[in-house]
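K.L.:
The primary structure of each chain is shown beneath.
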Amino acid sequence: MWFQKTLILPPKNRGFHLITTDIEAALPQLKQLEVGLLHLLLQHTSASISINENADPTVRQDFESFFNRTVKENEPWYRHDYEGPDDMPAHIKSSLLGTSLTLPVSQGRLALGTWQGIYLGEHRDQGGQRRIMATVYGERSGTD
Amino acid sequence: MWFQKTLILPPKNRGFHLITTDIEAALPQLKQLEVGLLHLLLQHTSASISINENADPTVRQDFESFFNRTVKENEPWYRHDYEGPDDMPAHIKSSLLGTSLTLPVSQGRLALGTWQGIYLGEHRDQGGQRRIMATVYGERSGTD
Amino acid sequence: MWFQKTLILPPKNRGFHLITTDIEAALPQLKQLEVGLLHLLLQHTSASISINENADPTVRQDFESFFNRTVKENEPWYRHDYEGPDDMPAHIKSSLLGTSLTLPVSQGRLALGTWQGIYLGEHRDQGGQRRIMATVYGERSGTD
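Residue numbers (our numbering), protein chains in the order written: chain A, 1 to 144; chain B, 1 to 144; chain C, 1 to 144.
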């Protein structure tokens with residue numbers, strides 16, 4: 001079984017956001033899989049998707065602080081600066097954290113660890129809508 | 001062919017550890033594949049899996065030094081600090097290096113480069129057991 | 001449908017290089033897929049593959065500047081230093097950016113975002129040829 005769908009995420013503030021439940025709600029096809037995988041490609045170069053702690057919002061705040069300190073705005077040596085001070089850092093953060101993510105599916109559910117959630121990293125001040133190409137593939141359960 | 005299994009890694013010291021042979025030994029199903037892929041999800045948010053040099057242990061030591069210097073403990077601006085000084089840095093290292101890894105399988109073997117091995121990055125001082133959800137999928141060889 | 005092939009990239013200068021069209025040209029099999037995925041494993045530990053902006057070359061120049069500043073050569077605490085000053089930084093950059101990448105295929109084409117391209121990060125001064133193990137899998141289109 002293969003299934004592919006473009007998901008549209010509404011605009012979010014700069015920072016890290018949990019999107020696990022949005023992904024699951026948009027893909028009821030996951031419930032049909034006995035065993036399989038979900039692949040997500042965030043189709044942008046100034047945002048990211050990654051996996052991290054799904055409970056305490058201060059983890060996501062500290063992520064934003066860390067990446068802002070590590071990938072600074074207004075570095076005098078940036079050459080790509082005409083789209084604003086948040087642009088080049090956003091590109092770098094996007095590649096450090098990644099835009100392509102594969103997750104296991106078991107008995108109709110994402111098989112994440114207890115504390116794992118999917119983060120959308122919005123690295124632009126005004127990122128707008130974000131698109132994810134989701135690909136679901138695997139074996140259907142016999143009872144479905 | 002699809003196969004899925006939870007692997008349990010025994011507790012390891014903080015640092016980077018080669019786990020290629022542990023993964024292969026736990027998944028004899030890989031030998032049945034003519035062509036396919038192995039997906040690994042480390043189901044934690046304070047450790048990582050990545051690919052790097054499989055020969056010289058000083059590479060793994062330098063990895064630990066680099067990540068400790070780049071993602072420092074006890075930053076005054078950390079908000080998520082109640083689980084100890086190693087906790088928030090462990091979360092950040094986990095997302096920088098990743099917890100989801102896909103590897104090719106050819107003629108029954110992982111098709112890694114000559115110098116490539118799978119690293120477990122244990123980023124906590126006392127990380128305990130670690131769980132990996134392994135998903136094997138592909139085409140069986142005709143002779144097996 | 002499964003297909004696997006080793007791609008050889010000719011030697012490139014240290015820095016970041018767009019290789020999207022090289023990958024597509026080497027894999028005409030992608031055109032046969034209605035829906036599927038392409039997995040790439042760069043079989044080296046001192047180079048990387050990642051996704052980023054495919055238009056302005058200054059983005060790739062700023063990537064090189066950022067990673068050279070963040071992962072410095074000649075750190076006095078490097079233990080793995082006998083292969084030259086560019087070697088240990090190359091290993092670290094390789095794991096920060098990654099060597100394993102999965103991309104969606106839709107109706108015979110890579111389903112990247114408008115501004116996305118595949119970067120080869122060559123992190124050695126004299127990296128030589130680089131090998132990528134490409135795995136294509138999915139469902140053929142009915143008309144092919």
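Don't take each hint at face value.
What the hints assert, rightly or not - With a straight-line cut-off of 25 Å between C-alpha atoms, the simulated SDA-like cross-links for lysine to any residue are:
| id | chain 1 | residue 1 | chain 2 | residue 2 |
| --- | --- | --- | --- | --- |
| 1 | B | Lys72 | A | Arg79 |
| 2 | A | Lys12 | A | Glu34 |
| 3 | C | Lys72 | B | Met1 |
| 4 | A | Lys31 | B | Asp86 |
| 5 | C | Lys5 | B | Leu112 |
| 6 | A | Lys12 | C | Lys31 |
| 7 | B | Lys72 | C | Lys72 |
| 8 | B | Lys31 | C | Gln43 |
| 9 | B | Lys31 | B | Met1 |
| 10 | A | Lys5 | C | Gln43 |
| 11 | A | Lys5 | A | Ala134 |
| 12 | C | Lys12 | C | Gln32 |
| 13 | A | Lys72 | A | Thr58 |
| 14 | C | Lys72 | B | Ser65 |
| 15 | C | Lys31 | A | Arg131 |
| 16 | A | Lys5 | A | Lys72 |
| 17 | A | Lys72 | A | Ser106 |
| 18 | B | Lys72 | C | Pro28 |
| 19 | B | Lys12 | B | Ser106 |
| 20 | C | Lys12 | A | Arg79 |
| 21 | B | Lys31 | B | Arg14 |
| 22 | B | Lys12 | B | Asp81 |
As the list claims (entries may be wrong) - Here are the computed distance ranges between Cβ atoms for each label pair:
| id | chain 1 | residue 1 | chain 2 | residue 2 | range |
| --- | --- | --- | --- | --- | --- |
| 23 | A | Asp125 | C | Glu24 | 52 to 58 Å |
| 24 | B | Pro76 | C | Ser141 | 25 to 31 Å |
| 25 | A | Arg79 | C | Lys72 | 17 to 23 Å |
| 26 | C | Pro28 | B | Trp77 | 36 to 42 Å |
| 27 | B | Asn13 | C | Ser141 | 28 to 34 Å |
| 28 | B | Tyr82 | C | Pro10 | 32 to 38 Å |
| 29 | A | Leu18 | B | Arg109 | 23 to 29 Å |
Note that these hints are calculated values from the structure, not bench results.
The structure presented is a predicted model; accordingly, all values stated were derived computationally and were not measured.
Just so you know, even glycine gets a beta-carbon here, dropped at the ideal spot from N, CA and C.
K.L.:
Are the hints correct? Go through all of them and say.
P.N.:
Evaluated hints:
1. Taking the CA atoms of Lys72 (chain B) and Arg79 (chain A), the gap is about 29 Å. The hint is violated against a cut of 25 Å.
2. A threshold of 25 Å between alpha carbons decides the hint, and for Lys12 (chain A) with Glu34 (chain A) the separation of about 33 Å lies outside it, so the pair is violated.
3. Annotation: proposed proximity of Lys72 (chain C) to Met1 (chain B) is violated, straight-line Cα distance about 45 Å (limit 25 Å).
4. Restraint check for Lys31 (chain A) and Asp86 (chain B): not satisfied, since their Cα atoms lie roughly 37 Å apart, outside the 25 Å limit.
5. Simply put, Lys5 (chain C) and Leu112 (chain B) have alpha-carbon atoms about 13 Å apart, close enough for the 25 Å limit, and the pair holds.
6. In summary, the hint linking Lys12 (chain A) to Lys31 (chain C) is not supported, as the alpha carbons are separated by about 35 Å, beyond the 25 Å threshold.
7. For the given pair, Lys72 (chain B) sits about 17 Å from Lys72 (chain C) by alpha-carbon distance, which is consistent with the 25 Å threshold.
8. At most 25 Å may separate the alpha-carbon atoms for a hinted pair to count; Lys31 (chain B) and Gln43 (chain C) meet this at roughly 20 Å.
9. Restraint check for Lys31 (chain B) and Met1 (chain B): the C-alpha separation of about 12 Å stays at or below 25 Å, so the hint holds.
10. The suggested pairing of Lys5 (chain A) with Gln43 (chain C) is violated, with an alpha-carbon distance near 31 Å, which exceeds 25 Å.
11. Annotation: proposed proximity of Lys5 (chain A) to Ala134 (chain A) holds, straight-line Cα distance about 5 Å (limit 25 Å).
12. Distance hint between Lys12 (chain C) and Gln32 (chain C) is unfulfilled; the C-alpha atoms sit about 30 Å from each other, more than 25 Å.
13. Using a Cα cut-off of 25 Å, the hinted pair Lys72 (chain A) and Thr58 (chain A) holds, with the two alpha carbons roughly 21 Å apart.
14. For the proposed pair Lys72 (chain C) and Ser65 (chain B), the alpha carbon gap of about 13 Å is at most 25 Å, so the pair holds.
15. Annotation: proposed proximity of Lys31 (chain C) to Arg131 (chain A) holds, straight-line Cα distance about 23 Å (limit 25 Å).
16. For the hint pairing Lys5 (chain A) with Lys72 (chain A), the CA-to-CA distance comes to about 35 Å; that exceeds 25 Å, so the pair is violated.
17. For the suggested pair Lys72 (chain A) and Ser106 (chain A), the alpha carbons sit about 40 Å apart, so the restraint of at most 25 Å is broken.
18. About 47 Å separates the Cα atoms of Lys72 (chain B) and Pro28 (chain C), which puts this hinted pair outside 25 Å; it is violated.
19. Of the supplied pair hints, the one linking Lys12 (chain B) and Ser106 (chain B) is violated, its CA atoms being roughly 30 Å apart against a limit of 25 Å.
20. For a cut-off of 25 Å, the pair hint linking Lys12 (chain C) to Arg79 (chain A) stands: about 22 Å separates their Cα positions.
21. Taking the CA atoms of Lys31 (chain B) and Arg14 (chain B), the gap is about 32 Å. The hint is violated against a cut of 25 Å.
22. Proposed proximity of Lys12 (chain B) and Asp81 (chain B) is supported: the alpha carbons are some 23 Å apart, at most 25 Å.
23. At roughly 34 Å, the beta carbons of Asp125 (chain A) and Glu24 (chain C) sit outside the given window of 52 to 58 Å.
24. Remark: the range hint 25 to 31 Å for Pro76 (chain B) to Ser141 (chain C) is contradicted by a beta-carbon distance near 57 Å.
25. Distance hint check for Arg79 (chain A) and Lys72 (chain C): the Cβ-Cβ separation is about 20 Å, which falls inside the suggested range of 17 to 23 Å.
26. In this structure the supplied range 36 to 42 Å is violated for Pro28 (chain C) paired with Trp77 (chain B), their Cβ-Cβ distance being about 52 Å.
27. A beta carbon spacing of about 51 Å between Asn13 (chain B) and Ser141 (chain C) contradicts the range 28 to 34 Å that was offered as a hint.
28. Evaluation of the 32 to 38 Å hint for Tyr82 (chain B) and Pro10 (chain C) yields a failure: the beta carbon distance comes to about 52 Å.
29. In this structure the hint that Leu18 (chain A) and Arg109 (chain B) lie 23 to 29 Å apart at CB is violated, the actual value being about 38 Å.
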